[in-house]
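K.L.:
Below, each chain spelled out in residue letters.
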Amino acid sequence: MRRHLTPAMNLLEVRGVSKRYGAVVALRSASLTVAPAEVHALLGANGAGKSTLVKILTGVIRPDAGTIEMGGRPVHLTSPASAPGAGLAAVFQDPSLVPDLTVRQNLRLTGADSAAVRRWLAAMDLRVDEDDLVGDLPLPLLRMLDLARALAREPRLLILDEITAALPADLVERVFLVIRQWREHGRSVLFISHRLVEVRTICDRATVLRDGADVGTLTLAERTEQHIVALMLGPMATSDDAPCPVGPDTGPQPEAAAPDRASAASEARLLLEARGLAMSGALRGVSFSLRAGEILGIAALEGQGQDALFDCLAGNRRADAGEIRVAGRVLAPRSPYDAIRAGVVLVPADRAHALLPQRSARENIALPLYNRATRWGLIDLRGEGTRAGAAIARLAIDTRAQRQVRRMSGGNQQKVVVARWVAAGFRVVLCFDPTRGIDVGTKRQIHRLLRDLAGAGAAVLLFTSELPEIALVCDRVLALYEGRIVHELPAQAADEATLLRLVHGLVREEPVG
Amino acid sequence: MTDPSAPGLEVRRPMAAGRAIRRSAWTVTIVGLLGALLVVEKLVHPALNVFDMQSLVDGALPLCLAAMAQTAVVLSGGIDLSVGPMMSLVNVVSALLMTHATSGQAVLIALGVVAAVVAAGALTGAVIVATGVPDIIVTLATGFVWGGLALHVMPIPGGAAPAGFAALMTGQLGSVPSGLVVIVAALAFLWEPVHRSPAGLALYAVGSNRAAAYLSGVAVGRARVAAYALGGAFAALGGLALTASTTNGNAASGTSYTLTSVAATVLGGVSLVGGRGGMIGPVAAALLLTLINTLLTFEGVDPNFSLVVQGAIVVLVVMVAGLVLVRRRGA
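Residue numbers (my numbering), protein chains in the order written: chain A, 10 to 522; chain B, 390 to 720.
It cannot be assumed that every hint is accurate.
Facing chain A, according to a computed beta carbon distance under 8 Å, are these residues of chain B, among others [as the list claims (entries may be wrong)]:
1. HIS584
2. PRO587
3. ALA594
4. SER597
5. ALA601
6. TYR603
7. LEU604
8. GLY606
9. VAL607
10. ALA608
11. ARG665
12. GLY667
Not close to chain A: a few residues of chain B, all C-beta gaps over 12 Å, as computed [said to hold, decoys possible]:
13. LEU423
14. PRO435
15. SER492
16. LEU590
17. SER660
18. ASN693
Please keep in mind that the hints were generated in silico from the structure rather than gathered at the bench. Even for Gly, the Cβ is constructed at its ideal location relative to N, Cα and C.
Okay, chain B solo, but in the shape it has when bound (with noise of 0.2 Å):
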């Protein structure tokens, strides 16, 4: 609260209570929408149940590793158009490396592609900030480069996973679905301590106003850097997917992630100017989108025409955002 004996500095404040919840309004509402749809889906399918959950949080996974990777580098302000690509390449190079390896030496694998990528992450940044060309441009540069590579590596689909490191990221643990865990996972441990530390807080700030923080003492580069190098490992982990729930590699496997993961990310309430949202409002996207086309499979629906249905929720989600923001702010 502010003295009020000075006019003139009100803090406008549209809701005087519950402002956490409004700050996340959009996570919630998206949550309770992926929610309520859950439940239509039950209602519609009885017969609902774990294993079904099972194959949704499978065909979600790599879309929701995808969704987060952008939503790190959208929220520095930049954009990253080689998320699709570079997935690609994850996938073909673990495939062939994992061809005819144990489950042990998969993970070890998987470690040291995850480690590669954010090597090649980070580099993405540091040619942006060096050379001040756009994101756009050097990550669609980029994304040629990867796809290419993926292709020159794998011309045909091949190679193979063992199945204890595809159990690993699309099996079950317990009752739960590992690619649940691996989400809570990369939340958790990849994703709080960046969000929680002076990183994170510095992501922030250069998406929000590069300016500021500049002046704030900021090392801006620095912190851009490191946006795509935290988009790497979650691309990386995506390409894993891959992987795992398809068991060998494709040189097109990701190709179509890195325009839905720019729509999870808008759909999860990230502002794609940067420094507004959070990572759950995506990730909840990614399995809303997913979990969509999926009813809309089981209900007979071509599906080229459940593209038509994403396209359009995204529209009108964002559209009606805008038009309450629009009416918050006249108000």
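Just chain A, same shape as in the assembly (with noise of 0.2 Å):
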């Protein structure tokens, strides 16, 4: 093979690149080196710092330190335009046409040959009219359009960021088509996935990212998927042990994974049923119950439907099939204004979409509260500082800011948002990964403070991106995979090995020992 004729000599060679956004480190030190003629995956699980190397590569952000180096010569990327210089093109997660711009108006946009992306596509066989405007086409078209534009560009390395994500199995069998013959043509691909079946089908080798580092390159065809996720997951992985803390942050657990918990949950009250919730393209038949005093996580790569699954729980968007219970009524709510009336309220990811930035704490806290607290127009602030006195003081919100919410720390904004529930009162809450971004102290907060809402009868479905987490608080937990339930299993159960393997559609491999 050709890589063997010439192997001291890399295609891409990235050395020691690292990226901050104030103070959280997005990447650490990530070395890679992509051969000639050779297909390599980027790994890793959420957060380990994949899409910023990939925005790196692209030109889309600056590297803090490091080094790029493409067949020998260093590459300095100021911008997306300045990609194509260097021999790379980019299919970017989201779309990266124009949706008021037809076809031929967005490949002439970025210089593409059209006789070329028109070869592609025939390779693919597809066809498009270059007269449709873009934002008439359904997505995955757009996906295979973006990814012939890429390739038309005849760049040495083509960089492809969950290209599959949106696409059906035969679209994706047309695409793997196409890399392979871009393989054989002595090109490269720099292939991100969480699928680790594809990964292992059409990639050669892979580069596992780990806390903003790699921690490993192998060839795929002599490892297994279990080593693969061993090597995502780190040392821990090593322990099968049941609920185990992770890493050095997570310290003494919140009175560890009681097991009657769970049995002491089945004979309450049931307070959210959900049957066969479906959404075009996100979900695909979700079903669960949940009762009062439980809390029951979600755990999901991105993009899986878990915002879909909580926004129709909690009136953002309508599900197209499926109805949701709560305390035995049907609830079909037209806005989160019926689902709060219902007692389902939710704890967002961007708390900024929850808060009001410039106003008090104690105002965040009362706003739904403003459905009853008024009496014919008139805020009662009495009553309103009462309520909202009595959720400061039981959350524990450190006060010292609570003029500006915007100036509090993000765990005690994070903390006002629960605090509002606990004053209006709820029986359901929707948790979306509520300790994203937040420091390990506040986060172990938040997680009694979960448990102790599910002690005092309240039910809570919790998504967290944080996979330890999940064993840490949850009673039970649902892996969704592609908008469906693939599996669910006691939380005592869900180590993160486990889960991992879950998350990544592999259910019918056992876990390791």
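Got two chains here, separate frames each, mind docking them using the hints?
P.N.:
Now the structure itself:
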């Protein structure tokens, strides 16, 4: 093979690239090499730094340190426009086609050779009317068009970021067909995907990122999926014991997973039931039930339908099919107002969506009370103050910066969001990644808070992108994959390795040990 | 057409035929509305002649150009609240400079003014891009600057314009009102070359989806600056049209054009969030708004009330269009 004739010569060589956003380190030190005529996978759990590295390789952001070389020459990317000159072309996770322009105009925008684009589309057995508006085209076709456009630039390295995520199986096959042709012509591909099965099908080698650094490069033919998962997880994957605190930052567990929790909950009242919830493209028949006093975890990779699930439970979007019951009563919310009145409340991932940043903590907490605490127009300030004060005390919110919520720390802001519902009263709380970007101490407080809420008879549905959290706080967990619940298991059995396999859709594989 | 063997790849086309017509449906409707209204006027006032057409076009010319200025910016995803004050400034500066000029000199002065305003537009765009301050705030501020400068230059109306120059923009060319020639020339020689160039594509792209445009390798900042520069060219022509039609300078002459230009832009089918629309629609809408005004004045309606009618028409048309869009999406 070509690769073996010039073993020393790498096409892409990334060394020690790092990037931080303020206090958050997105990439500590990542190195990566891609050989000519190689399909190279970039793997890592959520937050490992994959997308940051892709953005650096395509000129979207600039690294703080480190070097990038293509064919032995240093490359300095200042914007996406400078990537083609370095022999790089990417298909991004979000389509980079402009919706209000026609296909032809989009191709002209990037200076793509439309004959070449047509050829590549034909190679994938697709045809596109170039006078169609891009905004009228279905998403899978846009991805294919994006791919054809990138291929038409004839880059030396093609970067595919989660290209298969939105594609039906037959189109995935066509993408693979083209990737293989591409490799036969001596070109290389950097392939980013959550789907390990696909990675093993199409890639030669893989580099694994963990916590912003590369932790190993392996030849895929020689390794099993278990090996790859182990590398993604790091050293703690070797311990098979159930709920095991992870990393140095987890500290003492909040009254470690009591085995009687689940059994006690099984007799409690059903508070939330979902039956066959479906939403086009995102949810394909999700059913589960949630009892008072129970915390149900949702484990999923990005974009497996968890957003849609939370949205339709909270009344932000309507499901195409299925039924939601709250305490036995059917709930078909037209807006969050309906859901809140039925006692179903949301703690969203982005606190900015929930808070009025310039207003005080008290006003933020009292906001949902305005449905009730007003009497003919005038706000009952005393009643509001009492309820908000009680919630602040109960959640131990640091009130030093309470005059403007935006001045509070992220953790405290998140507590304000929860305090709002504590003050207003609720039956079911939907927590969407509530600990994202929050320091360890506050994280623990939020875990304890969720347990307390459940202890007081509430039902909690928790999606978290940090898999270790599930064993720490939940009673049961559902693994969501491509809009379906693929597995349910008690939290005691939900160690990170098991969960990671489940969220990658590897249901049939038995856990190690 | 897409390969029918691939499921989920069917392109949703509400109407099988006439894609070109569907895409410019709004422009066609507005032009049709304008034509219908002209016919009505002809029926109501059989005496309508070329001279009336002339006065319609003369009256509409500044608004047409203001609408074009606004449209250039709105298409790129911005908004320009300084269009009106800028037209005032152009009006007073050109009237001052042209006071004792010959027509030939006046044309040179006009060219110089256009160049200066293009530069000022580019500067506005550059400030917006460099500082990241929203368009609406920067142009509100520059609007105050231009308006203040206009008053400073000419506290009370004055100045003059040579008859030859006035005739160039508001006279007649053969039997055609030269205002119409100015509009067509502005469309053909200012807008179309940009529209068909990569720069025009970039302008639509940054208005449609800035992130996607950036990822496609479009120089986003440059495209936005170019949009404001182009808008400046149209605004300068609009100010010169004021000078030509009034043959004097007045620091308040352009004030009303900021918001009426936005109205004409919206009525002309340009999406206020950018990326969608054309230039003919807003021009037709500007003519339509002026014609309605004229008709109502003819009928002896209180001019203040005719503003109410104009506003109601804008709301009605945009609302109907919104409903049509919702129904089409829902189908």
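K.L.:
Return the status of the interface hint for ALA608(B): holds when the least beta-carbon distance to chain A is below 8 Å, violated otherwise.
P.N.:
Interface hint status for ALA608(B): holds (6 Å vs cutoff 8 Å).
K.L.:
Could you let me know if the closest chain A CB is still more than 12 Å away from the CB of SER660(B)?
P.N.:
violated, 8 Å
K.L.:
Using the nearest Cβ pair, does PRO587(B) come within less than 8 Å of chain A?
P.N.:
At 7 Å from the nearest chain A Cβ, PRO587(B) passes the 8 Å test, so the hint holds.
K.L.:
Taking the least C-beta to C-beta distance, is VAL607(B) closer than 8 Å to chain A?
P.N.:
VAL607(B) check passes; min Cβ-Cβ to chain A is 6 Å, inside 8 Å.
K.L.:
Can you verify the interface hint for ALA594(B): is its Cβ closer than 8 Å to any Cβ in chain A?
P.N.:
OK, holds: ALA594(B) within 8 Å of chain A, min 4 Å.
K.L.:
Taking the shortest Cβ-to-Cβ distance between ASN693(B) and chain A, state whether it exceeds 12 Å.
P.N.:
holds, 35 Å
K.L.:
Under 8 Å, Cβ to Cβ, is where HIS584(B) needs to be relative to chain A, so tell me if that hint holds or is violated.
P.N.:
violated, 11 Å
K.L.:
Holds or violated: is the Cβ of TYR603(B) closer than 8 Å to a Cβ in chain A?
P.N.:
holds, 6 Å
K.L.:
Can we keep the GLY606(B) interface hint, with Cβ of chain A closer than 8 Å?
P.N.:
It holds, given that the least Cβ distance between GLY606(B) and chain A is near 4 Å, below 8 Å.
K.L.:
So is SER492(B) really clear of chain A, every C-beta pair being over 12 Å apart?
P.N.:
holds, 42 Å
K.L.:
Does the claim that LEU590(B) lies outside the interface with chain A hold up, using a Cβ gap greater than 12 Å?
P.N.:
violated, 5 Å
K.L.:
A closest beta-carbon separation below 8 Å is what the hint needs, so does GLY667(B) meet it against chain A?
P.N.:
Where the cut-off is 8 Å and the nearest Cβ of chain A is about 12 Å from GLY667(B), the hint is violated.
Going through the hint list in order, the structure does not satisfy hints 1, 12, 16 and 17.
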